[in-house]
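**Q** What follows is each chain in one-letter form.
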Amino acid sequence: MLAAGAILTAIGALFLFVGSLGILRLPDVYNRLQAGTKCTTFGSFFCIIGVGIMEPGWFWKCLIIALFILLTNPISNHALGRAALKSGVPLCPKNVVDKSKEFKEYRENREEK
Amino acid sequence: MRNYLYLFCLLLGVWLCLSSSLHTQEVIAGLIVSFIISVLFGRWYARLGLPPMSIKRAWYVLLYGIKLALEIIKANFDVAYRVLHPALPIKPGIVAVKTNLKSDIAKFILANSITLTPGTFTVDVIGDRLLIHWIYVESEKLEDATQRISEKFEKYLRVIFE
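Protein chains in written order, with the numbering used here: chain A, 1 to 113; chain B, 114 to 275.
Do not take every clue at face value.
Not close to chain B: a few residues of chain A, all C-beta gaps over 12 Å, as computed [what the hints assert, rightly or not]:
#	residue
1	1
2	3
3	7
4	9
5	26
6	36
7	50
8	54
9	74
Straight line, CA to CA, 27 Å or less: simulated DSS-like cross-link-like pairs of lysine-lysine [what the hints assert, rightly or not]:
#	chain 1	residue 1	chain 2	residue 2
10	A	104	B	220
11	B	169	A	101
12	B	254	B	220
13	B	254	A	94
14	A	94	B	204
15	B	211	B	169
Read the hints as simulated data drawn from the structure, not as lab findings. Model, not experiment: these values are computed from the prediction. Using N, Cα and C, we set each Cβ at its ideal position, and we do this for glycine too.
Okay, chain A solo, but in the shape it has when bound:
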């Protein structure tokens, strides 16, 4: 039981490490958010479940925490991305397409109606 929990926690830690490496390496705020959300969701999920398996008495509480993270992580990611776009954080030079201007027009047209 202890070994299984330790392995799961190690997998989680590995993904958290990859996530933080991504935040260092990727060029702009939007790409960093990609690494930040995906790896932290998976990483913290596995870490917490691993702890739950190591301590069977905590398992159900850990499950609640893990589900809560799974639900709230994309929302915080969305809020950060939207705030960055609205305050005009520039996209990196590698960027190939940006539909946000058209989207803005689409929104204004809708609001006029």
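Knowing the structure of chain A, use the given hints to seat chain B on it.
**A** Okay, now just chain B, sitting in the frame of chain A:
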């Protein structure tokens, strides 16, 4: 009525997980407290507009859960590959996607699922359009991007919510 029932089941489930025991006292206390809270606050919960329960819907919720879990795993390996690759193979862009879902809660779940899947996250939602940041743009066209990003979830959500 069904909203009260959903809320009751949710509260009871959380209570049983938190107390992590099936002693009669704990279960009875949980039942009473969940009942009182769902009677008092079920009205607000109704605003979410959850659909009525049916076997077909429950089955699709299960399928959807499995699909989402697989996509999350894929997403992580995808991001790990891009980050660890020495040349950093990214081609980021912001694209728009169309959705046919009507209710707010369905669009909310779709947006969150897109955020959890490989290489995409939702930046903004307005009406039937979703603005999506894509780490490796495969297609700029609206229909094509819709097909690639949101169709795999939408076919389940359409059954669940409509």
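**Q** Confirm or reject each hint.
**A** Hint check results:
1. 1: holds, 16 Å
2. 3: About 22 Å separates residue 3/A from the closest Cβ of chain B, which puts it past 12 Å; holds.
3. 7: Answer for residue 7/A: holds, closest chain B Cβ roughly 16 Å.
4. 9: Holds, since 16 Å exceeds 12 Å.
5. 26: Answer for residue 26/A: violated, closest chain B Cβ roughly 7 Å.
6. 36: violated, 10 Å
7. 50: Non-interface label on residue 50/A holds, nearest chain B Cβ at 16 Å vs cutoff 12 Å.
8. 54: Holds, because the least Cβ-Cβ distance between residue 54/A and chain B comes to about 15 Å, which exceeds 12 Å.
9. 74: Residue 74/A is in fact no farther than 12 Å from some Cβ atom of chain B, at 4 Å.
10. 104/A with 220/B: holds, 19 Å
11. 169/B with 101/A: Since the Cα atoms of residue 169/B and residue 101/A sit roughly 41 Å apart, the hinted pair is violated (cutoff 27 Å).
12. 254/B with 220/B: Between residue 254/B and residue 220/B the Cα gap is close to 21 Å, so the pair holds against 27 Å.
13. 254/B with 94/A: Holds. Residue 254/B to residue 94/A sits at ~19 Å (cutoff 27 Å).
14. 94/A with 204/B: holds, 6 Å
15. 211/B with 169/B: Roughly 26 Å separates the two Cα atoms, so the pair holds.
Going down the numbered hints, you'll see the structure goes against 5, 6, 9, 11, while the others check out.
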